[in-house]
Amino acid sequence: MNFLKDKKVYLIIVLLYVVISALNKFGLVNSYLLQIIMLAGINIIMTVSLNIVNGFTGQFSIGQAGFMAIGGYASALFTTILFNTASWPAYTQIPMFIFSLFMGGVAASFIGFLIGLPTLRLKGDYLAIVTLAFGEVVRASIRLIDFVGGPRGLAGIPRYTNLFWVFLFTFLAIYGARNFVNSSFGRACISIRENEVASETMGINTTKYKVLSFTFAAFMAGVAGGLFGHLLMFLQPDTFSFLKSNDYLVFLYAGGAGSISGSIVSGLVLTIVPEMLRFMSNWRIVIYALVLVMLMLKRPEGLYGGKEFKWLKPKKRTVIADSQSAGITN
Amino acid sequence: MTTILQLIMYGLQLGSIYALIALGYTMVYGIIGLINFAHGDFLMVGAFLVYFLAKAMGGGTLSYPVVAFIIIVGMILTGLLGVTTERIAYKPLRKKPRLSALITAIGVSMFLENFPRALPFIGPQPRPFPELFPMSSFSIGGVGTNSVQILMITFSIILMAGLHYITTKTKVGSQMRAVQFDKDAAALMGINVNNTISITFFIGAALAAAGGVFYASIYPMIDVYMGIWLGTKAFVAAVLGGIGDIRGAMLGGFIMGVAEVLATAVNSDLGYGAGFVILIFILLFKPAGIMGKFTIEKV
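Residue numbers (our numbering), protein chains in the order written: chain D, 209 to 538; chain B, 2 to 300.
Quick list of the computed label-pair ranges, beta carbon to beta carbon:
#1 D:Leu241 / B:Lys56: 43 to 49 Å
#2 B:Val144 / D:Ile480: 53 to 59 Å
#3 B:Phe53 / D:Arg486: 28 to 34 Å
#4 D:Ser229 / B:Lys56: 55 to 61 Å
#5 D:Leu485 / B:Gly142: 56 to 62 Å
#6 B:Met222 / D:Met488: 26 to 32 Å
#7 D:Tyr299 / B:Pro221: 55 to 61 Å
#8 B:Pro221 / D:Leu485: 32 to 38 Å
#9 B:Lys56 / D:Leu290: 54 to 60 Å
Just so you know, these hints were derived from the structure itself, not from any lab.
Heads up, the beta-carbon is just placed ideally off N, CA and C, and yes, glycines get one too.
Let the hints inform the model, and build the full structure from the sequences given.
Next up, the structure:
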C-alpha cells in the first residue's frame, strides 16, 4: 500500500485529471485532444497487461487484441444488445457500465484461462504463433456471429467512457500490475521468466503461475476493450486484427519489457506522437517506422528497460532484514 | 466430386504460393531464430518491381525470355533488399535480447508498406498486374484449370526442388545447416557466419518475390498492403509444418492452401479462420509442428 501512502503521486494524478478537465471546460483542450488522451490511457492499460505476460512472466504472447475484442464485445453485450441502458434512468446507467466492464474482463479472462491452460506448455515462438492465431480466430468468429453485427460491426454503443473512468482504470491497472509484480505471485512469475527449469526445481508450480498471469492480463485487456468500445461507440471486428496486437507489442518493447514505467511512457508517447505527425499525411507512418527502428537499434532494451519510476518500486523492508540478521547473530 | 477436385486444384495453387513464402520464414527462423515480420513485404516489393520492370519493357504481351529476365531481376533486387534489411536492422541486434529484433522487424515492415504508399508514383490504390503468362483455360477430367495455374504450381515446385538441392547437396547449403546448428562451432570450422546469414536472407527474399509475382499473376491486383495477410498465412504455414524445417514449410503451405480454399467454399470468414484453427489443434498435439522435432530442455 506504499503506493497510496506516497501522497505526492496521488496528488499529481488528481491534479493532472483536474487540469485536463478544466482545460477542456475552458476550451483549451478540444474533444479531439481529449479523445487522444483517453485512447492513450486505454493503450497504457493494454500495454501494462501485455507487460505482465511478456515482460514479467517471459511468455511470448502476441494476440492481446483478441482479449480486447472479447472484452469490448462482452461489455457491449450488456449495455447495448441485451439491455438498452441508454433508455434507463440516469443513476442506474453508470453502475451498469461498471458492471459491463467487469463482465468484459471476466469474459476475456475466462477465455484466457481456457486458451492458456493447454497452450502455455508451448515454448517461445510456438506460444507466440498460437496466441496470434487465437487473436485472428476471435476476429473471424466475431465476423460470423450475426447478433453482434458480424462484419458490419456493432454501432450504437452508449458513450459512457469519459476522462474520469479512463483515469481511474488506468490508475487501477498500474496499481494492480505493480502490486502483482511485487507480490509472491509476481516473484514466481519473474522466476519463470529468468529460468523456467530452475524455478520448477525450486518448487514453483510453473503452469499455475503462467496461467494465472495470462488470465490476469486477459482481464485487464478485457476491461480496456470495454472502455474502448464505450469511447468510440462502435466496435468492428477488423479493428482487433493482429496489426492492433502488433501495435501493443511495439508499445511494450519500445517502452521496455519488464518495466511498468516503460509501458506508461510509451503508451503516452506512441499514441500522441503519431497524432502530432498528422500534418505529414502519408509520410507519417514512414517517419514513425524509421524512429522505431532507430530507437530499437540505439536502445535494444527499450526506453525504460530495466528501470522503474521511484513510486512504482516497493519500499525496501529494512526492518525485516534487520530482525533476520539479528536472529542469526544471537 | 468434381467440385471437390476443383477446389483442391485451387487449394494446391494457393498452397504452392504459401509454401514459397513460408520457405523464407522458415529459413530465416532456422538460422537466426527471428520471426521476420518484414518477409511478407518482400513479396509485395517483388511484385511491384516486376510490375514496373514490365512497364519499362513496354508493357503489353512480352516474349518469354523477357518475362523470365524481369522476374529474375525482380527476384535478385528483392534478395538484395533482404540482405540490406538484415545488415541494417537485424545484424546489430544479433547479440541483444531477441525480441528487440522482432520490433525492428515490425518497424521495417511498416516502413516497407508505407514508404511506397507515400511515394506519389505508387500510392495506396491497387493496380492491375500485367499478364505475364499466356492464359488459356482447359479441363482435365472435368476439372477446370488454366495454363497460368499449371505454370505457377510447376514453377513453385521447381523452385522448391532447387532450394532443397541447394540446402542438402551444395557447399553453401551445408554451411547454412551448420550455422543453423551451432553458430560458434560453425565459425570455428572456418565458415563465414555473416555471409551465410546474408545468403539465407537473399534466397528467402528472392523466393518471396517469386511468390509475390506468382500470386499477382493468378489474382491480378497488387497494392502495398498485399504482403500483410499473405505473409501472415505463409508464416502460419511455416509453423504448421514445423518452423526451421524446409520440407515442413512446403507441407504446411499445401495444407494451409487446401484447407483455406475448402473452408472458403462454405463461408468466406470460415475460410479465413480455418487455417488458424488447424494450426492451434496441430500445435496442441504436436507442439513443434508436423515435421519439427520437439526438444526437451536440458539443464
